[in-house]
Amino acid sequence: MHISPVLWQFLVKWLNASALFPREASTIAPYADALYFFLLLMTVVGVILVGALLFGFSVMYRKEKHPVATQIEGSTLLEATWTIIPLGIFLVVFVWGALLYFRIYNPPTNAMNIYVVGKQWMWKAEHPGGQHEINALHVPIGKPVQLTMISQDVFHSFSIPDFRVKREVIPGRYTTVWFQATEPGTYHIFCTQYCGTNHSQMIGEVTALSPEDYQKWTQESTSGMSLAQNGERLFASMGCNSCHSGSAAARGPNLAGVYGSKLQLAGGSEVLVNDAYLRDAILNPSQHVTAGYAPIMPTYQGQISEEGLIDLVEYVKTLQTNYRVQQTLTTSQSDQAAPTTPGMVKP
Amino acid sequence: MSATSTTILNLPDQSTATLPKKNYINNEHGLLSWLLTGDHKRIAILYLISITFFFFIGGAFAGLIRLELLTPQPDLVASDTYNKFFTMHGIIMIFLFLVPSVPATLGNFLIPIMLGAKDLAFPKINLLSWYLYMAGGTFTLAALVLGGVDTGWTFTTPLSTHYLNTHVITAATAIFIAGFSSIFTGLNFIVTIHRMRAPGMTWFRMPLFVWSNYAASILMVLGTPVLAIAIVLVALERTFGIGVFDPTKGGDPLLFQHLFWFYSHPAVYIMILPGMGVISEVISTFSRKRVFGYTAVAFSSVAIALFGFFVWEHHMFIMGVSNYSALVFSLLTMLVAVPSAIKIFNWAFTLQQGSITFETPMLYAFGFMGLFTIGGLTGVFLGSLGMDIHLTETYFIVAHFHFVMVGGMLMAFLAGIHFWWPKMTGRMYPESLSKLAAVITFIGFNLTFLPQFILGYLGMPRRYHAYPPEYQVLNVLSTAGATVLGVGYLLPMLYLAWSLKYGAIAGNNPWQATGLEWQIQSPPLTENFIEIPIVDHEAYDYEWLEHKTKHEVTTVG
Chain A
1 MHISPVLWQF LVKWLNASAL FPREASTIAP YADALYFFLL LMTVVGVILV
51 GALLFGFSVM YRKEKHPVAT QIEGSTLLEA TWTIIPLGIF LVVFVWGALL
101 YFRIYNPPTN AMNIYVVGKQ WMWKAEHPGG QHEINALHVP IGKPVQLTMI
151 SQDVFHSFSI PDFRVKREVI PGRYTTVWFQ ATEPGTYHIF CTQYCGTNHS
201 QMIGEVTALS PEDYQKWTQE STSGMSLAQN GERLFASMGC NSCHSGSAAA
251 RGPNLAGVYG SKLQLAGGSE VLVNDAYLRD AILNPSQHVT AGYAPIMPTY
301 QGQISEEGLI DLVEYVKTLQ TNYRVQQTLT TSQSDQAAPT TPGMVKP
Chain B
348 MSATSTTILN LPDQSTATLP KKNYINNEHG LLSWLLTGDH KRIAILYLIS
398 ITFFFFIGGA FAGLIRLELL TPQPDLVASD TYNKFFTMHG IIMIFLFLVP
448 SVPATLGNFL IPIMLGAKDL AFPKINLLSW YLYMAGGTFT LAALVLGGVD
498 TGWTFTTPLS THYLNTHVIT AATAIFIAGF SSIFTGLNFI VTIHRMRAPG
548 MTWFRMPLFV WSNYAASILM VLGTPVLAIA IVLVALERTF GIGVFDPTKG
598 GDPLLFQHLF WFYSHPAVYI MILPGMGVIS EVISTFSRKR VFGYTAVAFS
648 SVAIALFGFF VWEHHMFIMG VSNYSALVFS LLTMLVAVPS AIKIFNWAFT
698 LQQGSITFET PMLYAFGFMG LFTIGGLTGV FLGSLGMDIH LTETYFIVAH
748 FHFVMVGGML MAFLAGIHFW WPKMTGRMYP ESLSKLAAVI TFIGFNLTFL
798 PQFILGYLGM PRRYHAYPPE YQVLNVLSTA GATVLGVGYL LPMLYLAWSL
848 KYGAIAGNNP WQATGLEWQI QSPPLTENFI EIPIVDHEAY DYEWLEHKTK
898 HEVTTVG
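If you're matching them up, the sequences are chains A and B in order. Note that our numbering has the first sequence beginning at 1, numbered continuously upward. Note that our numbering has the second sequence beginning at 348, numbered continuously upward.
Simulated from the structure, these hints should not be mistaken for lab results. Among the clues, some could well be false.
Heads up, simulated DSBU-like pairs for lysine-lysine below, C-alpha to C-alpha not over 35 Å straight-line [stated by the list, open to error]:
hint, chain 1, residue 1, chain 2, residue 2
1, A, K63, B, K848
2, B, K596, A, K262
3, B, K596, A, K63
4, B, K895, A, K65
5, A, K65, B, K897
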């Protein structure tokens with residue numbers, strides 16, 4: 001933006017103090033606000049223009065002053081002007097808005113992942129290190145955080161106004177949103193999609209901490225088991241390992257290395273294995289038979305909670321990448337660090 | 348020239364000081380003659396009464412909502428009750444007031460007359476439409492009396508299908524039935540406009556009010572069936588669990604959103620387009636000028652109607668739709684904003700070189716233009732992808748669509764009611780009181796909804812029963828504004844009722860307007876025209892009117 005940074009800071013500080021403007025607490029917020037001010041300017045100019053035309057003509061051509069109207073057919077030139085100029089402005093807004101949209105919804109590759117499950121009427125956050133929170137979310141500042149979210153019942157919508165981010169949380173599908181907090185502090189989390197009786201009570205607080213404080217927090221609130229470890233247990237207790245044993249003679253495909261790969265399906269199509277695919281393959285296995293295997297896997301619909309699915313997906317993830325190392329790093333003080341997978345490659 | 352004009356405006360009233368002996372109101376007597384009528388004007392009056400009734404019920408809910416939001420605590424009613432309040436407010440105001448208001452009352456009354464026809468193409472279907480509307484209204488009231496419904500007017504699944512024990516099916520039935528009322532009205536208008544025009548009434552001699560209702564009718568006929576399908580699927584899913592919207596059965600919860608908004612976005616234009624038609628008539632009449640760029644205004648209505656069908660996904664930008672489809676729908680949304688801008692400037696330039704007077708309908712029309720400009724431009728915020736993320740589902744949305752619907756549509760409706768009141772009833776409303784009401788409405792409206800834009804950018808979500816205390820000041824302002832607005836709406840109700848008995852006799856053409864409806868007696872005869880007129884002039888031809896008034900001695904009624 002071509003406004004002097006000093007002036008911008010002053011403007012934002014003044015607006016914050018006047019309580020007519022939300023705090024700017026993420027890296028996205030200044031970008032959103034710049035577009036907002038542009039749109040506000042467009043609106044104010046538009047309204048003043050229309051108002052001035054109405055007022056001006058009303059004064060000049062009121063009946064006492066101008067008793068006989070002059071009939072005018074129209075004017076192609078004038079009409080073209082007020083078609084093309086708004087069109088031009090709206091196209092600028094479109095491009096600007098599209099750039100911002102892609103910035104808000106395309107997470108950087110180094111973002112740390114936190115799962116969020118929405119349910120009537122609470123937000124449950126699941127950190128990879130096993131920390132669980134309800135209606136609260138602790139994040140470090142200065143580090144991109146991606147939320148992978150799903151709803152257990154109805155549509156919810158996860159919104160942090162001070163970060164200028166929001167995303168619908170939908171039953172049966174993962175959606176993601178990311179942000180990078182800039183200022184330590186606590187900010188509202190709202191559910192903005194109407195979700196029944198206690199919709200307005202489905203609010204929480206996101207606490208942005210300095211990296212040191214965040215580390216202290218993860219240490220103090222760990223449950224002892226990472227999500228992947230929970231997943232590993234679940235994997236065993238549901239009997240998944242009897243087919244997905246990893247051996248050549250197994251009835252199910254080897255899951256090592258499957259996350260993030262392209263998988264050939266029985267129908268001949270190819271899919272990218274991501275969180276959403278794994279979740280769906282557990283719930284609707286008959287829809288996703290891997291090429292070369294018999295369609296014998298039973299459905300686990302109704303047997304695993306959304307949290308359980310997250311654990312399983314996290315476990316499958318660890319079977320391939322150095323993801324587990326990353327999460328062990330974020331929760332390095334955890335006394336039950338996850339065992340490393342042999343043959344792991346650093347990206 | 349100046350002298351001529353003055354004489355025209357001060358022409359002695361030709362209809363003497365009494366109402367015409369014979370007119371559509373006193374043509375037949377008794378309640379049954381109204382309930383079984385095929386006369387489009389009587390059906391319009393039936394609609395006007397019922398719509399007003401529902402408007403005040405919907406308005407009462409709005410008042411209760413604003414009262415609850417006076418304080419941050421959930422202290423007036425329980426949260427379920429509050430949810431039922433905003434659901435009833437939404438359902439009643441949208442399906443029983445905004446959608447039918449201008450087309451079913453003013454459109455019904457005026458379109459045949461403006462075209463020089465004796466009635467609509469299908470008078471009995473027209474009456475059926477009203478009965479369907481009333482049946483829809485009855486089901487809505489039944490849902491209310493039985494204990495209410497709390498889905499929100501958007502009936503979002505799976506909330507509406509699996510998680511609520513309220514009277515969802517009753518309310519869905521209400522909307523389903525009322526939908527058919529709107530389909531039939533649209534159908535009737537389209538056929539009438541195509542087939543019933545008087546000799547010489549070419550497409551480009553039609554008043555712009557007819558054009559805009561024509562465009563809205565296309566939307567009603569093509570869009571409403573999709574709503575009906577969506578509603579039926581909700582009912583089936585709720586009753587039999589068929590699973591189209593249920594992910595655990597392989598259904599897609601987003602499918603409902605697509606179906607619902609495929610109707611409900613065009614529905615916005617169903618609501619606003621007829622209102623725009625009113626504004627064209629009013630601005631032209633009180634500036635005594637042909638509407639600037641008549642053809643552009645006519646075609647912009649059709650353009651809005653066509654583009655209106657291709658923007659529904661802009662209600663779903665944050666719902667995990669593909670980024671690229673979001674791009675397409677954002678672009679189309681920007682394009683649909685252009686015809687609205689064209690209209691605003693055409694109206695403004697209609698005033699140029701005019702001879703402007705400021706009667707009540709004109710004040711409402713000015714109010715419309717100011718508020719609709721704000722409503723339209725704030726829509727651009729929401730069509731812009733990145734901005735939509737922060738603003739959607741907050742009070743910014745609430746403020747935006749109330750500016751378009753209440754600031755725009757309702758202002759246009761009030762402009763229209765005042766403008767054609769003399770034609771409909773034969774009597775004038777009290778001028779200074781009505782001007783006062785217009786001003787109060789304008790002030791009250793801005794005080795109510797401007798703070799909500801700020802609340803929205805601050806992040807206050809919509810449909811919240813309780814809210815964090817820092818939002819209170821703006822909410823108090825909004826509630827105060829709503830009180831003023833309420834007074835602004837009650838006043839016309841009172842003085843219009845008063846004028847039915849005590850209002851001055853209006854005469855045939857109190858505004859010296861050019862439309863065919865002003866060339867017949869007020870109130871009109873049941874058959875509108877004794878002889879079908881032959882139209883030899885354009886819609887806003889004030890020179891023709893001047894000529895006619897000078898050389899003709901009209902004796903009607």
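Against the structure, the hints come out as follows:
The hinted pair formed by K63 (chain A) and K848 (chain B) meets the criterion: a straight-line CA distance of about 31 Å does not exceed 35 Å. Our distance criterion of 35 Å between C-alpha atoms is met by K596 (chain B) and K262 (chain A), whose separation comes to about 26 Å. Distance restraint check for K596 (chain B) and K63 (chain A): the Cα-Cα separation of roughly 69 Å exceeds the 35 Å cut-off, and the hinted pair is therefore not satisfied. With a C-alpha separation of about 25 Å, the suggested pairing of K895 (chain B) with K65 (chain A) holds against the 35 Å cut-off.
A threshold of 35 Å between alpha carbons decides the hint, and for K65 (chain A) with K897 (chain B) the separation of about 24 Å falls inside it, so the pair holds.
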